[in-house]
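Enquirer: Chain A is already provided as a structure; the job is to place chain B on it using the hints.
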Amino acid sequence: MSIDLTFIGQILVFLTMVVLLWKNLYGPLNDAMEARTKKIAEGLAAADAGKEAKSRAEAEIDVQLKEARAKAQEIVAAAEKRAAELSEEAVTKARVSAQQIAESARGEVEAEVNRARQSLRQEVAAIAMLAAENVIGEELDAKRHAKLIDGVVSEGFGRA
Amino acid sequence: MFELADQSGSDGIASHLQYWTYVVDESNPFMQIHVDTMILTVTIATLMVGFGVWLKGKIVEGAPEGVQNFMETIVGFINDTVNDNFPVHNPMIAPLAFTIFIFILLCNTLDILPAYLIGYTASLISAIGSGHEFVWGGHMPSFHMRPVPTNDLNLPAAMGVSVFLLVLYYEFKLKPVHFCKELLLQPFASLLLDARNPIVKFLGVLIIPVNLILKLVEEIAKPLSLSFRLFGNMFAGEVIFLLIASLLLGGGVVATTAGFFVGLGWSFFHLFIGLLQAFIFMILTVVYLSLAHQPAEH
Chain A
1 MSIDLTFIGQ
11 ILVFLTMVVL
21 LWKNLYGPLN
31 DAMEARTKKI
41 AEGLAAADAG
51 KEAKSRAEAE
61 IDVQLKEARA
71 KAQEIVAAAE
81 KRAAELSEEA
91 VTKARVSAQQ
101 IAESARGEVE
111 AEVNRARQSL
121 RQEVAAIAML
131 AAENVIGEEL
141 DAKRHAKLID
151 GVVSEGFGRA
Chain B
1 MFELADQSGS
11 DGIASHLQYW
21 TYVVDESNPF
31 MQIHVDTMIL
41 TVTIATLMVG
51 FGVWLKGKIV
61 EGAPEGVQNF
71 METIVGFIND
81 TVNDNFPVHN
91 PMIAPLAFTI
101 FIFILLCNTL
111 DILPAYLIGY
121 TASLISAIGS
131 GHEFVWGGHM
141 PSFHMRPVPT
151 NDLNLPAAMG
161 VSVFLLVLYY
171 EFKLKPVHFC
181 KELLLQPFAS
191 LLLDARNPIV
201 KFLGVLIIPV
211 NLILKLVEEI
221 AKPLSLSFRL
231 FGNMFAGEVI
241 FLLIASLLLG
251 GGVVATTAGF
261 FVGLGWSFFH
271 LFIGLLQAFI
281 FMILTVVYLS
291 LAHQPAEH
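Quick mapping for you: the protein sequence lines, in order, are chains A and B.
First residue of the first sequence: 1, per our numbering; consecutive thereafter.
First residue of the second sequence: 1, per our numbering; consecutive thereafter.
This is chain A alone, in the form it adopts within the complex (with noise of 0.2 Å):
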């Protein structure tokens, strides 16, 4: 056990192992583990920040949605309104046209009875004509005694 020149060897071994392990073990070994951190945390910063762009991205749909679905229901609004006012109006036309189907039927009606009434008249004039014809015993001439009859028609018609 004793100090000799061993140690001056040792010194240079060591020091020298030293230098030679750091570039051709440690420093390779440090470097790859350095660079495989770096691309870790790369790796991990890039996953937050599609993290982060998926909530964003999530929170803009959100929006969008409730967008959309104001924006639906505008115009579901706008087409119920619409809808009810074109009712509204087919409804009124509708009235106005059976009002005006239900005048004119009136009119035709109307027309009918007097065309009725005219026929009437003029058949209850010849057969009065007729009547009195019998009874007096004379022909009588329709242009002639024509006021007579219409007033005697008119009168019964005016009774009837």
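In case anyone wonders, no lab produced these hints; they're calculated from the structure.
One or more of the hints may lead you astray.
[What the hints assert, rightly or not] With beta-carbon atoms standing in for the labels, derived distance ranges:
(1) B:121 x A:36: 41 to 47 Å
(2) A:50 x B:268: 49 to 55 Å
(3) B:109 x A:50: 47 to 53 Å
(4) A:44 x B:88: 25 to 31 Å
(5) A:40 x B:109: 29 to 35 Å
(6) B:53 x A:54: 45 to 51 Å
[Stated by the list, open to error] Straight-line Cα separation of at most 27 Å, DSSO-like style, residue types lysine-lysine; simulated pairs:
(7) B:56 x A:39
(8) B:58 x A:38
(9) A:66 x A:51
(10) A:39 x A:51
(11) A:23 x B:173
(12) A:71 x A:54
(13) A:23 x A:38
(14) B:58 x A:23
(15) B:173 x B:215
(16) A:23 x B:56
(17) B:173 x B:222
(18) A:81 x A:71
(19) B:181 x B:215
(20) B:181 x B:222
(21) B:58 x A:39
(22) B:175 x B:222
(23) A:38 x B:56
(24) A:38 x A:51
(25) A:39 x A:54
(26) A:66 x A:81
(27) A:23 x A:39
Beta carbons: idealized from backbone N, C-alpha and C, even for Gly.
Expert: The following block gives chain B in isolation, referenced to the frame of chain A:
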């Protein structure tokens, strides 16, 4: 084999605790080299650097596998230890700690090889190389080969002194005034700095050499404790291995059986001791260098 058995007594153990020494100058005990320590450390260093060069070409940046994965575990462990203890970033500290840990661990692990294996193998090679006729069970040449370099005080001392010089370098580089003040004034700084009485102040000046001696003892204790802790643990471990081997080789059936199991148990325990000593040396190096990097308190 009988030769080994004969050597397993106390003389045998003593002979196995000697180094293969090349004497440069017999008049000066410093001028000699432990060839076995040099061969083993240079071999281990070469293998480590060769392994590093081999692995360097195979490193992938993606998911590591096999040897790279194993080595990255060690590098990660060292990096964590250094980052936990170091206040600032110094790119040299982690490679230094890595080299210390791996190198000491490998040197210590050699201790679990069978006690006489390396020495005996070296003896055979020496006998064949020197042209001696080798006969199994014959006399071994007078040749010593210590199997564990950390058992040689020169290696732990060299590493401890290297670390100590680095600590001094950083102390002088980062806070020279503070370190000089500590060297000269601590632990009795209050005598000179805080006292109002001129006599006490003068006493504070007189006591500066005492401060310097105390501080030097404190500083020198660092490499000494680093070196002798590792050396002592590994030396004691080797002596116990040799005692177990003497039990294994020199006794009867019971002693041999007991020696086998005791040796097996001690091998596992010594593996753990070797790992622990490598870690302690590494962590203390980091702590000492960390203290040198701490900002000066005013």
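Enquirer: Compare the structure with each hint and give your call.
Expert: Results of checking the hints against the structure:
Separation of residue 121 of chain B from residue 36 of chain A is about 43 Å and conforms to the stated range, judged on CB atoms against 41 to 47 Å. In this structure the supplied range 49 to 55 Å holds for residue 50 of chain A paired with residue 268 of chain B, their Cβ-Cβ distance being about 51 Å. Distance hint check: the CB atoms of residue 109 of chain B and residue 50 of chain A are about 48 Å apart, consistent with the given range 47 to 53 Å. Between residue 44 of chain A and residue 88 of chain B the beta carbon distance is about 27 Å. The supplied range of 25 to 31 Å therefore holds.
Remark: the range hint 29 to 35 Å for residue 40 of chain A to residue 109 of chain B is upheld by a beta-carbon distance near 34 Å. Taking the beta carbon of each, residue 53 of chain B and residue 54 of chain A are about 47 Å apart, inside 45 to 51 Å as hinted. Under the criterion of a C-alpha separation no larger than 27 Å, the hint pairing residue 56 of chain B with residue 39 of chain A is consistent with the structure, at around 20 Å. A distance of roughly 20 Å separates the Cα atoms of residue 58 of chain B and residue 38 of chain A; the hinted pair therefore holds under the 27 Å criterion.
Distance hint between residue 66 of chain A and residue 51 of chain A is fulfilled; the C-alpha atoms sit about 22 Å from each other, no more than 27 Å. Simply put, residue 39 of chain A and residue 51 of chain A have alpha-carbon atoms about 18 Å apart, close enough for the 27 Å limit, and the pair holds. Of the supplied pair hints, the one linking residue 23 of chain A and residue 173 of chain B holds, its CA atoms being roughly 25 Å apart against a limit of 27 Å. With a CA separation close to 25 Å, the supplied pair residue 71 of chain A and residue 54 of chain A stays within the 27 Å bound.
Distance restraint check for residue 23 of chain A and residue 38 of chain A: the Cα-Cα separation of roughly 21 Å lies within the 27 Å cut-off, and the hinted pair is therefore satisfied. A C-alpha spacing of about 15 Å is found between residue 58 of chain B and residue 23 of chain A, which places the hinted pair at or below 27 Å, so the restraint holds. Simply put, residue 173 of chain B and residue 215 of chain B have alpha-carbon atoms about 18 Å apart, close enough for the 27 Å limit, and the pair holds. With a CA separation close to 10 Å, the supplied pair residue 23 of chain A and residue 56 of chain B stays within the 27 Å bound.
Proposed proximity of residue 173 of chain B and residue 222 of chain B is supported: the alpha carbons are some 19 Å apart, at most 27 Å. Taking the CA atoms of residue 81 of chain A and residue 71 of chain A, the gap is about 15 Å. The hint holds against a cut of 27 Å. For the hint pairing residue 181 of chain B with residue 215 of chain B, the CA-to-CA distance comes to about 11 Å; that is within 27 Å, so the pair holds. The straight-line distance between the Cα atoms of residue 181 of chain B and residue 222 of chain B is roughly 19 Å, inside the 27 Å bound, and the hint therefore holds.
About 19 Å separates the Cα atoms of residue 58 of chain B and residue 39 of chain A, which keeps this hinted pair within 27 Å; it holds. Our distance criterion of 27 Å between C-alpha atoms is met by residue 175 of chain B and residue 222 of chain B, whose separation comes to about 19 Å. Annotation: proposed proximity of residue 38 of chain A to residue 56 of chain B holds, straight-line Cα distance about 20 Å (limit 27 Å). Under the criterion of a C-alpha separation no larger than 27 Å, the hint pairing residue 38 of chain A with residue 51 of chain A is consistent with the structure, at around 20 Å.
As the CA atoms of residue 39 of chain A and residue 54 of chain A are separated by approximately 22 Å, the hinted pair is consistent with the 27 Å bound. Between residue 66 of chain A and residue 81 of chain A the CA atoms are separated by roughly 22 Å; this keeps the pair inside 27 Å, and the hint holds. With a C-alpha separation of about 23 Å, the suggested pair residue 23 of chain A and residue 39 of chain A falls inside the 27 Å cut-off, and the hint holds.
The structure is consistent with each of the numbered hints, conforming to all of them.
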